[in-house]
Structure formats: C-alpha cells, structure tokens
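Visitor: Fit chain B to the supplied structure of chain A, relying on the hints for placement.
Chains as they are written, first to last, in my numbering: chain A, 1 to 543; chain B, 1 to 112.
Please keep in mind that the hints were generated in silico from the structure rather than gathered at the bench. We treat Cβ as the ideally placed atom computed from N, Cα and C, and that holds for glycine. Worth double-checking, as some hints may not be accurate.
[To be verified] Over the 12 Å line for every Cβ pair with chain B, so calculated as not near, a few chain A residues: (1) L19; (2) V25; (3) L26; (4) D165; (5) V199; (6) I209; (7) N424; (8) P496; (9) V517; (10) T522.
[Stated by the list, open to error] Among the chain B residues that face chain A by a calculated CB cut under 7 Å, a handful are: (11) V48; (12) A99; (13) L102.
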Amino acid sequence: MNRSDALLAASDSGNHQALTGTLFVLVVLLTVGITFWASRNTKTAADYYAGGRSFSGFQNGFAIGGDYMSAASFLGISGAIALSGYDGFLYSIGFLVAWLVALLLIAELLRNSGRFTMADQLAYRMRQTPVRTAAATSTIVVSIFYLLAQMVGAGALVALLLGVDSAAAKNLTIAGVGVLMIVYVVFGGMKGTTWVQIVKAVLLMFGTILISALVLAKFDFNLSDLLGTAAENSGQGSAFLEPGLKYGVSLTSKIDFVSLGIALVLGTAGLPHILVRFYTVPTAKQARVSVLWAIGIIGTFYLLTLILGFGAAALVTGDAKERVVESGGNLASPLLAEAVGGGSGTTGGAILLALISAVAFATILAVVAGLTLTSASSVAHDLYASVIKKGDVTGEQEVKVARIAAFVIGGVAIALAIPGQSLNVAFLVALAFAVAASANLPALLYNLFWKRFNTRGATWSIYGGLVSAVGLVVFSPVVSGSETALLTDVDFAWFPLQNPGIVSIPFGFLMGWLGTVTSKETESEARFAELQVRSLTGAGAEK
Amino acid sequence: MAEKLTPEVHAAYERIHDSEEFTQLRSNYLRFVVPMTVGFMLWYLLYVVCSNWAPGLMGTQVFGTINVALLFGLLQFVTTFGIAWVYARYSARAMDPIAAGLLEDFEREVGR
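Extracted from the complex, chain A is given alone in its bound form (with noise of 0.2 Å):
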C-alpha cells in the first residue's frame, strides 16, 4: 500500500467510493440503453457508419464536443495548469484554434465529397486500391495510439479514483472499458456512438460549469484574486501565471513547444474520428452548423479548465495537493471538486468528487466508442470493400465486416493497453495529432485544392508523413536516451524533441509534392472539376 492509499483509506474511509461506484454503474447503465435503442434503428451501411446522415447540426456540435474533449484534456489540462500554472493553458488554446482549420478549409467541402471514411473522399479522383490501403493505415495508426492514450489513462484514473491501487484492478478496468466500447460500436453503430458522445458532452459541461461556477463564487467572481491564490499557494509567484515554467527551461525546449503547437493546431482536422463526424449531418451546411456549436461547446469548456486548473492550484491544500502531484496533475480536478463541495470526509465534498469521477468516466468512454468505430469502418470500407473485394459487396456484408473488425480493434486495444501502462497518457495524444497533421492533412488539403495532385502524391505525403511523425519519435528522447524515456538502459536518439510535428509535418507536405510532381497520372487532374463542383455545391453529394 503507498502513501496515497493510506491517506485515501484514512481520510475517506471508503464512502466516497461506494457513491462513486454506483454512479460509475448508471454511466454504464445509460450508455448500454441508449446503445440497445440506436441499435435497433441501425439497419443500412449509412445507419450503421453515417448515423443515417440524420443528425442536426446541432446535436453533432455537441457529439463533436463529446468526441473531442477527452480525459486528457479534461483531466490532464486542468492537472497541468495546477502544476505548470500558465503552460497548461497552451493546450488549451492550440486545441481550439485548430477547429478554424476544420471550419474554414475541411468540414463543408469533406461532407459534400465523402461518404463514410476519410479515404473516400481521396479515392474521389485517385487509383481506389494504393490510397484507400495509405488512408486506412494512417487512420488505424492515429486511432491506435489515441485509444491507447484514453485507454492507459482510464486505467490509472478509475483505479486512483476508486482508491484501489493494485495492478489487477487496473487491468480489470482497462479490459472493462474495452468491452463496454466493443458493446457501443458492435451493436449501437454510429447513431448508439454519437447519441453517447452527446449524453457526455452535456455531463460534461454540467460538470465543469458547475465546479467553476462554485471555485469562482470562492473568490465572489474575482478572477484576479483567484489567480493570485494559486499563484501564492503554488510557491512559485508570478512566475506561474506566466509562460515559461514548463517549456522555457533551454532553447530545445522552446522549439519543441513551437512544434507542440504547430501539431496541435493542424492536427484536429486530420484526426480520423473527428472527420467522419462530418458525414452524420444530412448536408454541407448542418456540417458548418455543427462546426459552429463545437467551437462555442469546445471553447467554453476550454476556458473553463483555466478556473479548475488555477483553482485546483488555488483551493486544494495540504494532504489532497501531495495526492494531484502524485497523480501528476490528473487528480487536480476530481479533488478541486471535493473541495469546493466541503472538504474531504464531508458530504458534500463526497458527492462532487463522485460526480465529477463519474462525468470523467463518461467521457472516457465516448470517445474510445468514437475511435474504434472510426478503425473498425475504415477497415470495413476500405480495406474490406474496396482493397480486397474491389467494391463487390453489399452493405450488409461491410457492416458485418465492420462489426467484427470493432470486436478485433477493441481486443488488440485491451491486449496493447495492458502491458503499455507505463505509456505517458500526453505523450500519446500529442503523437496521434503530430500523425494525423503530417499524414492527413497534407493528403486533403492538396486533393481539395491541388489541381494536379495525384495517386503518387497522396500515397507519398500519407506514408512519407506517417513514418517520418512515428520514426523521429522512436529516435527521440521518449523512447531512449533520458531518464523519462521508454527505454531506459539504452540510448539510440538523436533526435533532440520529443514533439516531430516541426519536421515531419513539412516533411508530408514536401512528399505530396514531390509524389505529385514525379508521376505522369492525368486521371486524377480530369476529375477535379467534379470534386470542386461536387465539393462546393453538395451536386451529387451524399444524401
């Protein structure tokens, strides 16, 4: 037993568990219903990976939000602010102002020329088989490694919040999750994933309102003296309302937080999951709707962490503050929440602490649900349908393939969480966004706006992005060669950031290029008056 159990034993003595537990059990309750009920709506191929294209704009704003702010965002940014002071926010920031390259440049034009999958909207004008097999890779890559993320994470997070600490335990909670997102996209398609991802959107907005509603009537809705709490009770001063205390340690450090914020910035709109949220609204205009509703869903709750993180560094004292630490900052916002409730050991400190482990749960569950359907359609769509059975099958017969390729990706996400738990849960997130923005998006922004873009030029800027995003990771101080890495008894880096997205993103981007420029293809050139036409119209569009 370590220190934090025995302070958790002695000072809860398990109460909180017990209402933690229940609600844990309504979450999964709620989700599993609404799952049953979508599933028996889900008829066609368009039901089971489009949704039926039947939500409003306004319901996919919030399943947008739902699908986007993950456990990392909403545990690990408030942590970081409450550790790092001012450079958590940076996050937060890079994370919004990445839904403008979504809004302006990817939403509309993708919903009028796809279908179901990223891949199809390259495939529009390109040889199906080489892009279909590039795009389908580098969507099972991004999504591994963020399911990964979320999955590492709800095992530490579950564990810690029910007081359990035991190796077991965590497993157990790892394994669990994966059933549950297999039960979500096996049997609910996108309609049970999407109306999840809403339910949690809405708890989790709740949730954070209501805690930075209660940390700001603390200070009688003084945000300077809020801040200047958590600057003094940080022992840092006013060092920590100012940028620097985490990445301004030497110049590398700087540089890898400039390609931080390029990866986070670009990566939003190449992330596989968010992409195909854009095909489950009727038309291109619901698609800017939704859009439009995730930005003022995403960004209110983004500025809302900048209350949980400084109060969370303001607010929780003494025995809880060692436990955020330990926790490295995850805990910040389940602890602020028992504090502003009353303290530990008081009820309601024990009820918020419950509610918000429980709206964290939710979250994490929604967007492993969105993740794995992603794969699994991608697999089914692209790889199923149309690299191996070159379009001869019926969408029966690709939903079936869909269902057993969730079941698949789900038991490899539990089999590669379980042991990958000493994996830092940030690390991972930011590598799926350096993929997604090196190996996505140079391939659909040159094919919407490149004329003379080509087969050569997709599958070169998907891979070329791809392995130069994984491999400067693998020969970067992450994996060896510092005392945080990986590997800590060998040393192959040399390459000095942990971040890649400031060499590989121009890297894919160069690739496209230099794929487009060196192939003779004319085909692709030919059809990209329909693809702007259809892309700008909705003329021929699916419906």
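Guide: Chain B in isolation, oriented as in the chain A frame:
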C-alpha cells in the same frame, strides 16, 4: 466514388464548373478562407513565439494579477469565436444562395 459517372452527369459537372456562378462561388469562398487562414495561423504563431521568447512582455501585469500572457491567450479565444461568427454570416450571404442555385440546376439536369 470510384463508380464511373454517366456521360450526362459528367456533362452536368463540366457545365456547372464552367459557369459564371460557379466561378463566383469559388472565388467568394477562396477570397474569405485563404486570407483568414493565413491570418489566424500567423496570429496563433505570434502567440506561441511570444510565449517562448518575450517573457517580459507576457509577464507585464495589466490590472491586479491579470497579465499580458493571460489576455493574449483569452484574445485567441475571442478571435476564434469572432472568425467563426463572421464566417457563418459571410457564407450564408455570399456562398449558400449560389451553391443552392447550382445544386438545383444540377439535380434538374441529371434528374434526381
């Protein structure tokens, strides 16, 4: 997708592509999104660069404990919301009516 288009559908796409309305739609779209994208990317990068290399400026206290860094960060939220709002209005005015007209033409022509 890969499915071959019938000659009529292909002709409809070509005709719309060469029409004056479509040229107008495309130019209205690009005229907004290109400068706006360049603008918000530079504005965001300026923020990232200042966070790294202008600690004096960022640490300047404006009122109470509120410093330039916090206001600059909050301004990024304001500009993001603002650009989204302006784009919603612009696209409804300068893009949607043209796109709707062309879509109607297309559907009449190909008969769906």
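Visitor: With reference to the structure, classify each hint as holding or not holding.
Guide: Okay, the hints, checked on the actual structure:
no. : hint : in the structure
1   : L19  : holds, 35 Å
2   : V25  : holds, 37 Å
3   : L26  : holds, 33 Å
4   : D165 : holds, 36 Å
5   : V199 : holds, 25 Å
6   : I209 : holds, 16 Å
7   : N424 : holds, 22 Å
8   : P496 : holds, 16 Å
9   : V517 : holds, 22 Å
10  : T522 : holds, 16 Å
11  : V48  : holds, 4 Å
12  : A99  : holds, 5 Å
13  : L102 : holds, 4 Å
Checked against the numbered hints listed earlier, the structure breaks none of them; every hint is satisfied.
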